[in-house]
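Based on the provided sequences and hints, a complete structural model is requested.
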Amino acid sequence: MTRVLLADDHPMIAAALEMLLNGTDYEMLGRARTGGETLAQVARLKPDLLLLDVNMPDGSGLEVLDRLNASRTRPAVILLTAGMEDHQLLNADALRPEGMVLKTSDPALLLDCMDEVSRGGVWVDPEIAERTRAARERASNAPALTKRERELVDLVRQGLRNRDIAAQLGVTEGTVKVYLHAIFEKVGVENRTELAMRAGELLAHR
Amino acid sequence: MLGVLFLAASLIDPEPAKQQSTYALLLSYLVFASAVAIATWRNWWLDARLALPTHLVDMAMFTAIVFSINGYTSPFFLFFVLPLSAATVRWSWRETALTAGALIALYLAAAYLVAGTGTFELQRVIVRSGHLVILSLLLIWFGVHQRFTRLFFRIDEFEARLGSQDDPGEAALAFAMKVAGAPAGVLLLNRSGGDRFEGPRITGAGVMTARIDRPLVRDPAFSAFLCDVPRDRALTRQPERRARFARAAEVIDIDAARQIGLDEGLIAEVRSGTDSGWLVLWGIADLSVDYVDFGRELGRAVGAILDRHALVSAIEISAAANTRLSIARDVHDSIVQFLAGAAIRIEAIKRAAKSGRNVASELDDLKRLLVEEQDEIRGFIHALRRARELELGESVEELRGLAKRLGDQWSVACDVRARDDTASIPIRLQLDLQHLLREAVANAVRHGGADRIDVDIAVDDGVLRLSFADNGSGFDGGTRCVPQEPRSLKERVERAHGSLRLDSRPGSTTISVELPLAGTSA
Numbered sequence: 001m002t003r004v005l006l007a008d009d010h011p012m013i014a015a016a017l018e019m020l021l022n023g024t025d026y027e028m029l030g031r032a033r034t035g036g037e038t039l040a041q042v043a044r045l046k047p048d049l050l051l052l053d054v055n056m057p058d059g060s061g062l063e064v065l066d067r068l069n070a071s072r073t074r075p076a077v078i079l080l081t082a083g084m085e086d087h088q089l090l091n092a093d094a095l096r097p098e099g100m101v102l103k104t105s106d107p108a109l110l111l112d113c114m115d116e117v118s119r120g121g122v123w124v125d126p127e128i129a130e131r132t133r134a135a136r137e138r139a140s141n142a143p144a145l146t147k148r149e150r151e152l153v154d155l156v157r158q159g160l161r162n163r164d165i166a167a168q169l170g171v172t173e174g175t176v177k178v179y180l181h182a183i184f185e186k187v188g189v190e191n192r193t194e195l196a197m198r199a200g201e202l203l204a205h206r
Numbered sequence: 207m208l209g210v211l212f213l214a215a216s217l218i219d220p221e222p223a224k225q226q227s228t229y230a231l232l233l234s235y236l237v238f239a240s241a242v243a244i245a246t247w248r249n250w251w252l253d254a255r256l257a258l259p260t261h262l263v264d265m266a267m268f269t270a271i272v273f274s275i276n277g278y279t280s281p282f283f284l285f286f287v288l289p290l291s292a293a294t295v296r297w298s299w300r301e302t303a304l305t306a307g308a309l310i311a312l313y314l315a316a317a318y319l320v321a322g323t324g325t326f327e328l329q330r331v332i333v334r335s336g337h338l339v340i341l342s343l344l345l346i347w348f349g350v351h352q353r354f355t356r357l358f359f360r361i362d363e364f365e366a367r368l369g370s371q372d373d374p375g376e377a378a379l380a381f382a383m384k385v386a387g388a389p390a391g392v393l394l395l396n397r398s399g400g401d402r403f404e405g406p407r408i409t410g411a412g413v414m415t416a417r418i419d420r421p422l423v424r425d426p427a428f429s430a431f432l433c434d435v436p437r438d439r440a441l442t443r444q445p446e447r448r449a450r451f452a453r454a455a456e457v458i459d460i461d462a463a464r465q466i467g468l469d470e471g472l473i474a475e476v477r478s479g480t481d482s483g484w485l486v487l488w489g490i491a492d493l494s495v496d497y498v499d500f501g502r503e504l505g506r507a508v509g510a511i512l513d514r515h516a517l518v519s520a521i522e523i524s525a526a527a528n529t530r531l532s533i534a535r536d537v538h539d540s541i542v543q544f545l546a547g548a549a550i551r552i553e554a555i556k557r558a559a560k561s562g563r564n565v566a567s568e569l570d571d572l573k574r575l576l577v578e579e580q581d582e583i584r585g586f587i588h589a590l591r592r593a594r595e596l597e598l599g600e601s602v603e604e605l606r607g608l609a610k611r612l613g614d615q616w617s618v619a620c621d622v623r624a625r626d627d628t629a630s631i632p633i634r635l636q637l638d639l640q641h642l643l644r645e646a647v648a649n650a651v652r653h654g655g656a657d658r659i660d661v662d663i664a665v666d667d668g669v670l671r672l673s674f675a676d677n678g679s680g681f682d683g684g685t686r687c688v689p690q691e692p693r694s695l696k697e698r699v700e701r702a703h704g705s706l707r708l709d710s711r712p713g714s715t716t717i718s719v720e721l722p723l724a725g726t727s728a
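Protein chains in written order, with the working numbering: chain W, 1 to 206; chain L, 207 to 728.
Everything labelled a hint here was simulated from the structure, so no lab data went into it.
Heads up, the beta-carbon is just placed ideally off N, CA and C, and yes, glycines get one too.
Careful, some of the hints might be misleading.
Unchecked claim - Have a look at the derived ranges for each label pair, beta carbon to beta carbon:
(1) SER617(L) <-> GLY121(W): 40 to 46 Å
(2) SER561(L) <-> GLU194(W): 48 to 54 Å
(3) GLN444(L) <-> ASN141(W): 53 to 59 Å
(4) GLY121(W) <-> LYS610(L): 45 to 51 Å
(5) GLU194(W) <-> ALA257(L): 51 to 57 Å
(6) ALA449(L) <-> THR175(W): 43 to 49 Å
(7) THR175(W) <-> ASP657(L): 50 to 56 Å
(8) GLY713(L) <-> ASP106(W): 43 to 49 Å
(9) ASP536(L) <-> GLU127(W): 20 to 26 Å
(10) ARG44(W) <-> ILE583(L): 52 to 58 Å
(11) ARG163(W) <-> ALA245(L): 41 to 47 Å
(12) LEU169(W) <-> ARG402(L): 39 to 45 Å
As the list claims (entries may be wrong) - Facing chain W, from chain L, some residues (calculated, C-beta under 8 Å):
(13) SER524
(14) ALA527
(15) PHE544
(16) ALA549
(17) ILE550
(18) GLU553
(19) ALA554
(20) ALA558
(21) SER561
(22) VAL651
(23) ARG652
(24) SER694
As structure tokens, this is what we get:
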């Protein structure tokens, strides 16, 4: 029996996965709904396999995986996602999970992935592999942003106003405007909405 | 100062019979004027408050002076000028005209009362009345032409009326024509670079589009000028206000001028953040050199109107983009996740059926979930299709339906109450309310083990107030501030520019949310 911990905050997904694993060689140990809860349950239950949703409150799946990578031992991890932006795909790829599955793909693929990972292998959903390759290509063509510019792009993507961005970065509103203008020029966008739409691709490039 | 001057003048007045009353009068006026000067010194409030009473006293003083000193050297004329100038500076030409009319009437009445006395001279009364009328007309004319300096007051009024759907070029041209008194005009703007200029042309025949394929003005020194094409004349004012004369053919492209139908008129440069070009007005009845400076201001005003409109449009586009992103996030967080879960369930049921298990109850469960989700999606689409706002009563009805489904799903009693359900709320807020309710119920059950949740909604002073009170385990520690709040709720509230507060004690937790109605896009 492979002992499985599920980390997903969506009740429909969680109930469906429990049902899917019912009667298989996988034993569902429990379910975590937040990033913090996941880390606590991994430490307590010591599962063999962690099904980890990328978008969770209080610490995303990627943050959880990053923390687990820093510890001495960790369970095999399969990332579950309903869709990721370019920079998330590249971050996920860099964190080397054993498996990556799109929630929107054929559910049979999840079982294939779990089987492969349980045997010690690595299994990545073909669609994710293709998207990651394309994201890497786009990232290599994108202009390089400085650390400060990357921070600013991330805050614009979160929909913050200049005043709030200035407060977060500890600079004046005028400085934010100057920075933004420079970024617009550098990446060839007309306004902040366009910048927010391309933020994923720009942040993916390191 | 005037009071002191006249007191001194009266002291050397050769008519002793009038001296006693004149001293008293001038002394009183001196005391009054000094008191007003001291009281209003650096006190703008009192200055404005005392303007009218002081004005009336000045006019009364004028009448008294006419009575008491009517010799050839009498200084009454200055007393006439004082209230009239004050009215011109303080108010509009109408108040100036009223003051002038009242002063002339008082002067004539006083003259009538002293008629027949030894010092009365009819000829002098007529000449002086003529002077008063001429001076009055001069100051009234000055007041009327203050429109040149009051242009920007009118821009504010105009912009308040300008809707975002109106064509800003046409609206700005109509505004310029109105304030300049021009029956026809054209606003030529270059938006795409190159030498092509186009824009609205308004004449008695209606609105058309005018186009020229080369710049109208050749000499950049002529940013605002008068132009007479048939007589080949152009006139502008240089910064030091000296007139500069030129041949029209040297300043403008004559063919382009003919193309837009210009004979004689005012041309002013227009610049905005995105466009540049010229405002051309013709048919102005009283066209004079004063219109050069006025035209320059008018060109700036038109640029300001175009900028303001561009800014409002950009804000609307940005709000619409934010709404689209928000809807995409909502669809991703709810519908996509639900469908993914449903697909996994079908796979599970298929495998269970293959292994010979009875899957009827699992299929029934899935069917029920699909029907419920279908209701939610229908409500979501309904909300998106509606106008920009919906009544709170309607919103509450939908939330009650959702509360019932959530109650069934989480096995809790969930009750939604509303105060003042006639208020209107933006569609975006309705979608937020649905998600807040989902997240609040899930949190109360998951983290507090609640079995009862009371939701209270009210609209008050442009703010939607929402509270979720549950009977879960709660915690001891009084009131906590935002950073410790449930993150998913907090994020959604912050996206709607609202605030969230959590009060908890053992056996009860209340989450209070305030969301501004304005500033959220539909």
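The hints, checked one at a time:
1. SER617(L) <-> GLY121(W): 40 to 46 Å: With Cβ atoms ~41 Å apart, the hint holds.
2. SER561(L) <-> GLU194(W): 48 to 54 Å: The hinted range 48 to 54 Å holds for SER561(L) and GLU194(W), with Cβ atoms some 53 Å apart.
3. GLN444(L) <-> ASN141(W): 53 to 59 Å: The hinted range 53 to 59 Å holds for GLN444(L) and ASN141(W), with Cβ atoms some 54 Å apart.
4. GLY121(W) <-> LYS610(L): 45 to 51 Å: Between GLY121(W) and LYS610(L), where Cβ atoms are some 47 Å apart, the hint holds.
5. GLU194(W) <-> ALA257(L): 51 to 57 Å: holds (54 Å)
6. ALA449(L) <-> THR175(W): 43 to 49 Å: holds (46 Å)
7. THR175(W) <-> ASP657(L): 50 to 56 Å: Between THR175(W) and ASP657(L), where Cβ atoms are some 52 Å apart, the hint holds.
8. GLY713(L) <-> ASP106(W): 43 to 49 Å: The hinted range 43 to 49 Å holds for GLY713(L) and ASP106(W), with Cβ atoms some 47 Å apart.
9. ASP536(L) <-> GLU127(W): 20 to 26 Å: holds (23 Å)
10. ARG44(W) <-> ILE583(L): 52 to 58 Å: Violated, at about 38 Å.
11. ARG163(W) <-> ALA245(L): 41 to 47 Å: holds (43 Å)
12. LEU169(W) <-> ARG402(L): 39 to 45 Å: holds (43 Å)
13. SER524: holds (6 Å)
14. ALA527: The hint holds - ALA527(L) has a Cβ within 8 Å of chain W, the shortest such distance being about 4 Å.
15. PHE544: holds (5 Å)
16. ALA549: holds (5 Å)
17. ILE550: At about 4 Å, which falls below the 8 Å cut-off, the nearest Cβ of chain W leaves the hint on ILE550(L) intact, so it holds.
18. GLU553: holds (4 Å)
19. ALA554: Hint holds; ALA554(L) Cβ to chain W Cβ min 4 Å, cut 8 Å.
20. ALA558: holds (7 Å)
21. SER561: holds (7 Å)
22. VAL651: violated (10 Å)
23. ARG652: OK, holds: ARG652(L) within 8 Å of chain W, min 6 Å.
24. SER694: Since the shortest Cβ distance to chain W is 5 Å, the answer is holds.
Checked against the numbered hints given earlier, this structure breaks hints 10 and 22; the rest are met.
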